[in-house]
Amino acid sequence: MREWVPRDPPPRDQVAETGLMRRLLLSLDSISGSRLARIMAYALGIMFFLTIIFVPPVFGILLGWSKIFEILSYPDLLSRGVSAIIASFAIAGAVALLDLAAGLPMAWFIVRSRSSWASTIDTLANIPFVVPTVALGYSVLAFWGGSQGISGLLGSRFAFSPGWQMIVLLHFAFSYPVIVRVMVGALQGYKDIYETAARTLGAPTFTAARTISLPLLKSSLVAAFLLAFARSLSETGATVMVAGAFENGPVFISKARLAGQESPLLFVSFVLIVASSLFFIGVRVLAPRMRLPISAVRPQLEKRLSSGPAVGLRSLLTLLVFAVLVIIPSLFVVLPAVGAVADGTLQEAFSGNGIWSGYWQAVGLSYLVALAATALNVVAGLPVSVLIARKRGGEFVSGILDTMVNIPIVVPSIALGVSIGIFWGGATYISEFWLLIFAHASITYTYFVRSMVAAIESIPMEMEDVARTLGAKPLTVFRRLTIPLSKYALLAGAIMAFTRSVDETGATLAVAKRLVTAPVLMVQWVRGIAAASPSAIGLGLAFLVVTSFASLLVLTLATRRT
Amino acid sequence: MKAIDHVNLEISDGEYVCVLGPTGSGKTTLLRLIAGLIYPTSGGIELDGKPVTGLRPEDRSASYVPQQYALFPHMTVRDNVAFGPLARGFSPEESHRTADEMLRLVRLAHRATAFPHELSGGMQQRVALARGLAGRSPLLLLDEPLGAIDARLRVLLRYELRRLAKELAVTVVHVTHDQQEAMSIADRIAVLRDGRVEQFGRTSEIYSSPSSPFLANFVGGANFLEGIVVRRESGTALIEVAEGFSLTSSEKEHSAGDAVVASFRQERTSVLTNASTEENVIPGKLVSTSLLGVFMRCVVDTGRAGEVMAKVPLREALEQRLQDRIGHVVYARVARDGVMLFSRPERALAVELEAF
Numbered sequence: 001m002r003e004w005v006p007r008d009p010p011p012r013d014q015v016a017e018t019g020l021m022r023r024l025l026l027s028l029d030s031i032s033g034s035r036l037a038r039i040m041a042y043a044l045g046i047m048f049f050l051t052i053i054f055v056p057p058v059f060g061i062l063l064g065w066s067k068i069f070e071i072l073s074y075p076d077l078l079s080r081g082v083s084a085i086i087a088s089f090a091i092a093g094a095v096a097l098l099d100l101a102a103g104l105p106m107a108w109f110i111v112r113s114r115s116s117w118a119s120t121i122d123t124l125a126n127i128p129f130v131v132p133t134v135a136l137g138y139s140v141l142a143f144w145g146g147s148q149g150i151s152g153l154l155g156s157r158f159a160f161s162p163g164w165q166m167i168v169l170l171h172f173a174f175s176y177p178v179i180v181r182v183m184v185g186a187l188q189g190y191k192d193i194y195e196t197a198a199r200t201l202g203a204p205t206f207t208a209a210r211t212i213s214l215p216l217l218k219s220s221l222v223a224a225f226l227l228a229f230a231r232s233l234s235e236t237g238a239t240v241m242v243a244g245a246f247e248n249g250p251v252f253i254s255k256a257r258l259a260g261q262e263s264p265l266l267f268v269s270f271v272l273i274v275a276s277s278l279f280f281i282g283v284r285v286l287a288p289r290m291r292l293p294i295s296a297v298r299p300q301l302e303k304r305l306s307s308g309p310a311v312g313l314r315s316l317l318t319l320l321v322f323a324v325l326v327i328i329p330s331l332f333v334v335l336p337a338v339g340a341v342a343d344g345t346l347q348e349a350f351s352g353n354g355i356w357s358g359y360w361q362a363v364g365l366s367y368l369v370a371l372a373a374t375a376l377n378v379v380a381g382l383p384v385s386v387l388i389a390r391k392r393g394g395e396f397v398s399g400i401l402d403t404m405v406n407i408p409i410v411v412p413s414i415a416l417g418v419s420i421g422i423f424w425g426g427a428t429y430i431s432e433f434w435l436l437i438f439a440h441a442s443i444t445y446t447y448f449v450r451s452m453v454a455a456i457e458s459i460p461m462e463m464e465d466v467a468r469t470l471g472a473k474p475l476t477v478f479r480r481l482t483i484p485l486s487k488y489a490l491l492a493g494a495i496m497a498f499t500r501s502v503d504e505t506g507a508t509l510a511v512a513k514r515l516v517t518a519p520v521l522m523v524q525w526v527r528g529i530a531a532a533s534p535s536a537i538g539l540g541l542a543f544l545v546v547t548s549f550a551s552l553l554v555l556t557l558a559t560r561r562t
Numbered sequence: 001m002k003a004i005d006h007v008n009l010e011i012s013d014g015e016y017v018c019v020l021g022p023t024g025s026g027k028t029t030l031l032r033l034i035a036g037l038i039y040p041t042s043g044g045i046e047l048d049g050k051p052v053t054g055l056r057p058e059d060r061s062a063s064y065v066p067q068q069y070a071l072f073p074h075m076t077v078r079d080n081v082a083f084g085p086l087a088r089g090f091s092p093e094e095s096h097r098t099a100d101e102m103l104r105l106v107r108l109a110h111r112a113t114a115f116p117h118e119l120s121g122g123m124q125q126r127v128a129l130a131r132g133l134a135g136r137s138p139l140l141l142l143d144e145p146l147g148a149i150d151a152r153l154r155v156l157l158r159y160e161l162r163r164l165a166k167e168l169a170v171t172v173v174h175v176t177h178d179q180q181e182a183m184s185i186a187d188r189i190a191v192l193r194d195g196r197v198e199q200f201g202r203t204s205e206i207y208s209s210p211s212s213p214f215l216a217n218f219v220g221g222a223n224f225l226e227g228i229v230v231r232r233e234s235g236t237a238l239i240e241v242a243e244g245f246s247l248t249s250s251e252k253e254h255s256a257g258d259a260v261v262a263s264f265r266q267e268r269t270s271v272l273t274n275a276s277t278e279e280n281v282i283p284g285k286l287v288s289t290s291l292l293g294v295f296m297r298c299v300v301d302t303g304r305a306g307e308v309m310a311k312v313p314l315r316e317a318l319e320q321r322l323q324d325r326i327g328h329v330v331y332a333r334v335a336r337d338g339v340m341l342f343s344r345p346e347r348a349l350a351v352e353l354e355a356f
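In order, the protein sequences belong to chains X and Y.
Counting in my numbering, the first sequence runs from 1 upward without gaps.
Counting in my numbering, the second sequence runs from 1 upward without gaps.
In short, the hints are calculated from the structure, not lab data.
Ideal Cβ positions, reconstructed from N, Cα and C, are used throughout, including at glycine.
Check each hint, because a few of them may be wrong.
Said to hold, decoys possible - Okay, the calculated beta carbon distance ranges per label pair:
hint, chain 1, residue 1, chain 2, residue 2, range
1, X, Leu36, Y, Asp13, 33 to 39 Å
2, Y, Arg163, X, Tyr42, 42 to 48 Å
3, X, Tyr42, Y, Gln180, 34 to 40 Å
4, X, Ile281, Y, Ala148, 41 to 47 Å
5, Y, Arg163, X, Arg35, 39 to 45 Å
6, Y, His74, X, Phe59, 23 to 29 Å
7, X, Met40, Y, Asp13, 35 to 41 Å
8, Y, His74, X, Ser113, 34 to 40 Å
9, X, Leu20, Y, His74, 22 to 28 Å
Generate coordinates for the entire structure from the input sequences, incorporating the hints supplied.
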């Protein structure tokens, strides 16, 4: 009584019915059935990763090996370089710890507080993350140092001049949201049943939090610390703006670049690459063994710390720190921008005269590079994401690939740029434009791949199993299952990569001698290279802020599912 | 660790085979092997006489319906069901026509535009079924299809499954741990335990001639008494199961001196209120009775031979007023052809019957 035949291709008359597009797709689908075709697709993805993303930044610096150690014959330069490196690590470490101290109570407040302000504060806490770092840099400079900032309010005693203090203030502000984001996520996922159990056994809230919750959240604390540390270590544009005469790693490298001093540049880059990689591996390995101070018991003190007024005071202090050290400095750039609307700078900007023609060119270049880098990463990153998420090629290979993919964001971006520049240096047929794209692709690849891997891993294998037994070839499964079910993560990853690329200063400074992207131009304007008025600078930065907000708004809307 | 060991099964066209076994017996592994989602370490699989062992799932002709259905959440019911034909290369029109036909068969045509999360568990199962059938495979692999359905619906739906399969002349391998389910709809049952096939045969065969105590217990349930064959004469065996007490069996396999396990079905055990000189009458105290629908289950403590359970037809039990005789002496009786004999298992009987 059987009417149909098993597994035969459809009868001829039906094939003729199908459109050209569909026939093309079906041919591609059946090609994907061949093992060779699939291996080639993965191989191409891995090759792109290795030749463009991984090898140039990590190993390029070694090509300049001979020049690296020339610096040893210039003791002054050497000691300056070494001080710069130490300064980078010291500042990053101090900032990460300070941010943990200030951000953790904030995260606690956001998650545990019953106040209706909590979610507003949560959104506000993202601002320094969302504002491009060059805008943040100028904002901090104006607030802590300028005449209209804090010195105008409280007197010039409170003003800072550019230097390491301002760097700390700047880095504190822009790494703060990192801590808050990670810890809010961790606290929301954390089942407070443990803490509740401790409290029903008589422990005051503070003790329960310190001795029970904190150790359980340790891995998130370490992750937050590392992310804040990496951001501080790597940032270049804004740091250059507020550094004055002080030098950390990225500042030193950019100065050496401008002065054309190759050996110090290579030396500091090399040490930064090695030191940051070792540091991150070290912390990842040692952190699980680290113990938090939970054995001491001080019931009286902690009971008082858990009381209503104490908690209220703590919340107030947390919010005060947030407002004065994070939010206001971040948004201060609004003032000159508003002024620019009033004093006619806005019209001048749109007319494209004078400094503004260079500005729009730079903005155009920034977006073009970001778009190209993101597109490359999406196309080449998809096979690698599937490889890692589905462990094709075995556990070992995907494990190694997973680790390798994370490395480019660990290294300071300017050192990465230097390394990439050297790697491709001999290849004079590659234009500066493409070097820029490669450098930006390197920096943003990780964001995209990590987002995709998480999304693909969350698709149940069973669905793919069923689809395959129904006759779907690997490409069909990918087209009709994997992509539709992970499209939000794809968009989110792409937008994160795009925004990060537009924001990037360090790598651009390292790689490009002639081309100028928007953030680099802004640093030039702030340093007084072009005759740009504060209004112009404010306006220029404000445009960047607005577009950054816009793309992140798109991101929020796109990832909001019903 | 072997998930499947020396499994040899030959399934005919259009057959409805149930693979029955406790959790961890390797049932799902077997299904995934046939589907091609995992490859055997040794041995092979043939479909329609052609070896398919190295073939990927999409090139075989077996549709797999997992326990959780795995309906594609981003597609409507109709698109879910049309997925198979579409993936195979049929035109969208033809694929949707097949989908509509399948949905009519499972009586879900009116929900064609709904999304999976909008449907109840029973409806989702029918969509999963329709999707598997629309794929036009001659072989359907069902992994505990009724596992997530409530008990009452389970009984109704299992007959639906068989009806659909027979109407469309599809061969089915249906995995389950529920022996009632298997016994009521399977043409043949393969009982799996620890990765091995204990027995593969028609339901009636397995019920009347189980090949091991485990099978007698797992499929149908029974009483078990350990003993030794004392005497063999003219086609019957006499087995001493406790001091001074013997059972007679018409089984012909075992010889005098063999250590055996004597087993008889609870539903073939009757309860007498008066003593009798007939054979296979075991005296004991009636410990408890419980109502099981059409049966009354009576537990008789025979002392030396242990507890014996009888499933007495309700009408008889009520006539004998067994529920009033708790604590009194009663007699459990079984006919000689109801006594099955097995060789004593290597492991302790209790372990053997536990089926874990």
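Task: Broken hints, by number - done: 3 and 6
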